[in-house]
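Work the whole structure out from these sequences, hints included.
Top to bottom, those sequences are chains A and B.
Just so you know, we're using our numbering here: the first sequence kicks off at 1 and counts up by one.
Just so you know, we're using our numbering here: the second sequence kicks off at 1 and counts up by one.
Hints listed in this document are in silico derivations from the structure and should not be mistaken for laboratory results.
Check each hint, because a few of them may be wrong.
As the list claims (entries may be wrong) - For each label pair, taking beta carbons as the anchor points, the in silico distance ranges come out as: (1) A:V82 with B:T29: 48 to 58 Å; (2) A:S131 with B:K258: 19 to 29 Å; (3) A:F86 with B:T58: 19 to 29 Å; (4) A:I193 with B:Q122: 29 to 39 Å; (5) B:T58 with A:R228: 43 to 53 Å; (6) B:Q194 with A:A211: 34 to 44 Å; (7) B:Q122 with A:T13: 57 to 67 Å; (8) A:A211 with B:L79: 26 to 36 Å; (9) A:M236 with B:K275: 49 to 59 Å.
Every residue gets a Cβ at the ideal spot worked out from N, C-alpha and C, and that includes glycine.
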Amino acid sequence: MLKDVTIGQYYPTGSVIHKLDPRTKILFTTAFVVMLFFLNNLWGYLATFLILATITLLSKIPVGYIIRGIKGLVLIIMLTVVLNLFMTPGTTIATLGPLSVTLEGLKVATYMALRLIFLVVGTSIMTLTTSPIDLTDGMEWCMRFIPFVRRYAHELAMMMSIALRFIPTLMEETERIMKAQKARGANFETGSIISRAKNLIPILIPLFISAFRRADELATAMEARCYRGGENRTRMKQLAFEFRDHASLVLMVMMIVGLYLTTMINIPLGFPI
Amino acid sequence: MSVEIKNLSHTYSEGSPFEFRALKDISITIENGSFIGIIGHTGSGKSTLIQHLNGLLTPTSGTVLVDGKDIFETKKSELIQLRHHVGLVFQYPEHQLFEETVQKDVGFGPKNQGLSEDEIDQRVRQSIKMVGLDFDAIKDKSPFELSGGQMRRVAIAGVLAMEPSVLILDEPTAGLDPRGREEILAQIKSLHTQKQITVVLVSHSMEDIGKMVDKILVINEGEVVFFDTPNRVFTEISTLESIGLAVPQVTYLMRRLKEKYPEIREDIFTVEAAKKEILKVIRG
Ligand SMILES: Nc1ncnc2c1ncn2[C@@H]1O[C@H](COP(=O)(O)OP(=O)(O)OP(=O)(O)O)[C@@H](O)[C@H]1O
Ligand SMILES: [Mg+2]
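Structure (structure tokens):
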């Protein structure tokens with residue numbers, strides 16, 4: 001049910017990608033996402049696909065598991081494709097009633113779909129291979145380089161890691177409350193939209209109450225252990241770049257240069273797009 | 001209603017790295033009108049098992065028959081009907097309260113059953129009284145201003161108000177004071193004897209289980225270890241201890257007494273029975 005949402009979930013396999021420093025992965029992913037927007041021909045997309053495929057294989061995460069994560073986005077991708085197909089002006093290649101598909105539309109739609117899929121797969125590989133705690137540690141370090149945000153880096157990272165930590169708990173809780181109300185004859189599966197919306201009340205109220213209670217208890221527990229924010233705070237686990245991180249950063253620079261070079265290739269692939 | 005569990009297995013998060021086999025090939029029959037106790041170490045799968053009995057969890061393999069009918073072969077609407085007859089009180093049921101007043105909250109189940117206002121009112125009164133609360137004093141209070149123990153009782157009343165013919169309770173007395181435990185257990189027992197409903201009670205208290213049930217189901221790591229009368233189960237002391245359980249305190253006492261009085265019986269697990277036996281032996 002709710003647990004089948006794979007985006008943002010950690011999938012431990014102990015691979016070399018998992019062992020990379022979170023900062024390396026954040027930088028790499030950022031560079032990857034930025035480069036996606038420079039791509040302008042199929043050579044670039046082909047290269048990106050090869051890079052993603054290599055990383056996926058190295059991460060040892062089952063491909064099916066990553067694909068399941070895209071499933072949730074099928075609707076958005078379809079919508080983008082359909083809109084671009086019909087809305088881009090240019091040479092018409094087919095008509096469908098009042099709508100016409102253009103060659104340019106086909107091109108833009110394909111690129112958009114590929115870009116969205118690569119974006120999702122690329123970022124999910126980062127979250128699948130990095131535990132939430134490591135991820136926020138990495139983010140905290142990265143935020144130190146952003147002016148204005150730097151002062152609140154620790155607090156923001158702390159909030160983020162608490163939020164991430166509680167997502168599965170809240171999902172579990174939702175499922176439990178839902179089951180308890182079902183046991184009392186509540187019906188979430190059939191009926192009109194309005195009656196179904198009304199049926200959410202018996203879930204939402206206990207859920208909110210328990211979320212507030214948890215937040216309150218957590219705050220008290222943190223206070224009882226003298227937590228007082230980022231100043232002078234030391235870490236038990238220090239982040240440290242290793243050889244594999246330096247190597248990855250070199251590969252990252254090569255990726256940026258390589259992908260940039262593909263935008264200059266002018267050899268057609270055999271078909272018009 | 002009789003409940004038959006057939007080769008039931010349940011695996012959580014199947015196909016992910018967090019896959020966990022919580023139940024392994026469980027087959028037992030709970031006869032109509034019987035009182036069953038379930039014991040097992042923390043994480044042995046007790047809560048998982050009972051959630052299959054009213055179709056809240058779907059088995060990975062195997063099935064459950066209620067009155068001979070396969071509940072996972074039926075339509076969704078029939079499953080919802082089934083839940084009116086198989087009442088389940090969750091572990092920590094106080095977390096499910098949501099209405100503005102106690103009266104409305106207890107009436108949630110009967111309302112879902114589609115009963116008339118009068119009937120609902122009647123059921124709510126009765127069940128609140130059954131769990132030892134004062135209806136008039138508590139009916140207009142918000143469930144959230146009650147004490148933990150009172151919330152627990154209100155939540156149990158919410159299931160009793162549906163008048164199920166099979167009542168399943170997951171550790172209903174955990175965290176209650178001794179008097180509250182006695183009261184609630186006594187009510188369950190009297191419901192069982194008066195209305196002949198089938199009861200399944202999950203508990204960590206060997207005393208309660210020994211005192212109340214006809215048959216005990218012992219599970220360990222998702223497998224059935226014993227399914228037998230308290231008499232038989234509580235003689236398997238070493239097996240029970242090896243899976244992190246124990247027998248009632250008085251049974252240990254009787255065992256020690258046996259070293260001194262070889263004629264004393266040791267298959268005893270209630271204080272009353274122990275008293276009788278000790279007096280009998282001492283008085284000759
Ligand atoms: N939603 C879930 N997802 C994954 N694993 C679960 C889930 N619910 C329970 N488990 C696991 O299944 C096993 C059995 O859990 P269950 O709640 O049935 O135990 P229990 O016997 O009721 O324990 P307790 O006495 O602590 O209530 C546990 O090891 C638990 O970690
Ligand atoms: Mg349990």
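*asked:* So, against the hints stated earlier in the document, which numbers end up violated here?
replied: 2 and 3
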